[in-house]
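*Asks:* Taking the hints into account, I'd like the entire structure generated from these sequences.
Number of protein chains: 2
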Amino acid sequence: MTYAVGLRLSQGLVFMSDTRTNAGVDNISKFKKMFSWNVPGDRTITLLTAGNLATTQAVVSLLEERTKAPEDRAPSILEAPTMFQVARIVSAALKEVIEGHARGGQQADSAFHATLILGGQIEGGQSRLFLIYPEGNFIEAGAETPFFQIGETKYGRPILVRAFDADMSFAEAVKLLLVSFDSTIKANLGVGLPLDLQLYTEDSLTSGRIERVEADDPYFKQISEGWGDALKSALEQLPDFEG
Amino acid sequence: MTYAVGLRLSQGLVFMSDTRTNAGVDNISKFKKMFSWNVPGDRTITLLTAGNLATTQAVVSLLEERTKAPEDRAPSILEAPTMFQVARIVSAALKEVIEGHARGGQQADSAFHATLILGGQIEGGQSRLFLIYPEGNFIEAGAETPFFQIGETKYGRPILVRAFDADMSFAEAVKLLLVSFDSTIKANLGVGLPLDLQLYTEDSLTSGRIERVEADDPYFKQISEGWGDALKSALEQLPDFEG
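Those protein sequence lines, which keep their order, are chains B and F.
Just so we're aligned, residue 1 is where the first sequence starts under the UniProt record's numbering, counting upward by one.
Just so we're aligned, residue 1 is where the second sequence starts under the UniProt record's numbering, counting upward by one.
I should point out that these hints are in silico values taken from the structure, not numbers from a laboratory.
All of these numbers come straight from a predicted model, not from anything done at the bench.
Do not rely on the hints blindly, as some may be mistaken.
Which copy is meant is left open, because identical chains are indistinguishable; a pair holds if it fits in one copy or across any two.
[To be verified] Straight-line distance between alpha carbons at most 25 Å, and here's what the computed BS3-like set of lysine-lysine pairs gives:
1. K186 with K232
2. K221 with K68
3. K68 with K95
4. K232 with K95
5. K221 with K232
6. K221 with K30
7. K30 with K232
*Replies:* Right, here's the structure in full:
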């Protein structure tokens with residue numbers, strides 16, 4: 001399992017993903033699910049992945065190869081003129097990998113599937129955020145739906161729906177995401193620390209702040225422990241049932 | 001879809017269930033999913049149902065028939081000496097119905113499945129709370145897991161996990177459940193108002209308070225609207241991210 005979220009704020013983009021992968025509960029590993037490409041002054045592109053690890057790693061490798069030898073390989077996400085074109089390249093790569101695996105004689109239904117969140121900005125355009133489906137099509141975040149979640153999305157969704165505000169600061173957004181991740185981690189063993197975080201400031205055209213929130217991170221502990229009490233006092237604020 | 005919860009408090013048992021059933025999003029109906037049997041001074045039994053409506057209605061009818069003509073039909077949940085025996089009767093009825101439907105030539109995998117929450121008290125014993133699986137086996141709530149959810153459980157789980165306290169009052173428990181249901185209703189169109197509520201006071205051996213929370217219930221509105229603000233101020237209480 002996985003949990004990853006991309007937020008579109010007025011200030012820029014915020015990405016967070018966990019790092020646990022599992023096949024059953026007795027085969028767990030730690031893998032990065034956040035990938036960034038950056039050409040300072042020109043573009044910054046971030047990808048969050050959920051689903052079959054072989055599929056998502058193959059997609060990233062494919063994009064990397066195309067990126068590293070552009071004269072031989074086209075199209076490259078580092079040459080695409082717009083984020084929309086980047087989304088088309090990434091979704092085509094995803095579709096290609098899934099179809100390739102399924103063609104190999106293995107039939108496992110949705111076993112090779114993966115879902116991606118793609119965000120970034122290219123000079124001359126605004127920052128944009130996409131959700132890419134295993135079928136190879138995608139949707140873009142708009143004013144009404146300014147964030148995307150992939151993987152184990154349900155436990156952490158209510159707090160996002162209630163407290164998200166496109167005008168919030170990065171500091172508030174990270175706090176909100178940590179609460180959402182903490183709720184998910186407490187409920188699903190397939191989602192676990194450490195977490196990867198990226199903060200992209202609109203129009204900066206550099207990757208921005210990228211860091212890893214480790215399992216013993218004191219701020220995460222403070223949020224995780226404080227949230228229980230904060231929720232209880234929030235409940236207390238509301239009037240009791242009399243009927 | 002459905003959402004239903006049974007809580008085991010020191011004060012007694014609390015049950016809540018929604019009333020929406022759907023097959024797709026364009027075929028929705030309102031059905032009761034909470035059923036109570038009551039012999040004042042002797043026993044009170046409550047059943048919450050989630051899953052295939054034909055299955056759960058058949059189970060309830062089977063239990064009703066057995067209840068209404070006890071001389072002809074055995075075993076009856078109104079004659080079983082303990083809640084454990086009641087759970088065995090109910091789970092046998094559930095298994096029988098599912099197998100009966102599946103035998104009829106229809107093959108729809110888990111299409112006939114249903115999951116039940118059973119709670120109540122019989123004179124001479126404590127109140128007990130069970131979760132009954134479609135396979136016809138069941139588990140009982142204990143001190144570590146003092147509540148059960150069925151149906152669309154994920155959205156409403158984090159607040160239960162964080163704020164549940166076996167020593168809370170009925171008034172607080174109803175408030176907590178309404179918040180949990182509100183989060184679920186906001187996220188899944190298959191869960192909807194009105195809600196059925198039952199409050200059973202330990203050792204009272206009467207059905208206790210049973211009522212319906214309608215869509216325009218002023219208290220539910222107050223909770224639903226107030227919870228957004230309460231959550232935001234709970235988040236504000238926590239320190240912002242600096243890193």
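*Asks:* Does each hint hold? Answer for all of them.
*Replies:* Checked hints:
no., hint, result
1, K186 with K232, "both (17 Å within a copy, 21 Å between copies)"
2, K221 with K68, "neither (39 Å within a copy, 56 Å between copies)"
3, K68 with K95, "within (21 Å within a copy, 59 Å between copies)"
4, K232 with K95, "neither (45 Å within a copy, 40 Å between copies)"
5, K221 with K232, "both (18 Å within a copy, 20 Å between copies)"
6, K221 with K30, "within (20 Å within a copy, 44 Å between copies)"
7, K30 with K232, "neither (33 Å within a copy, 33 Å between copies)"
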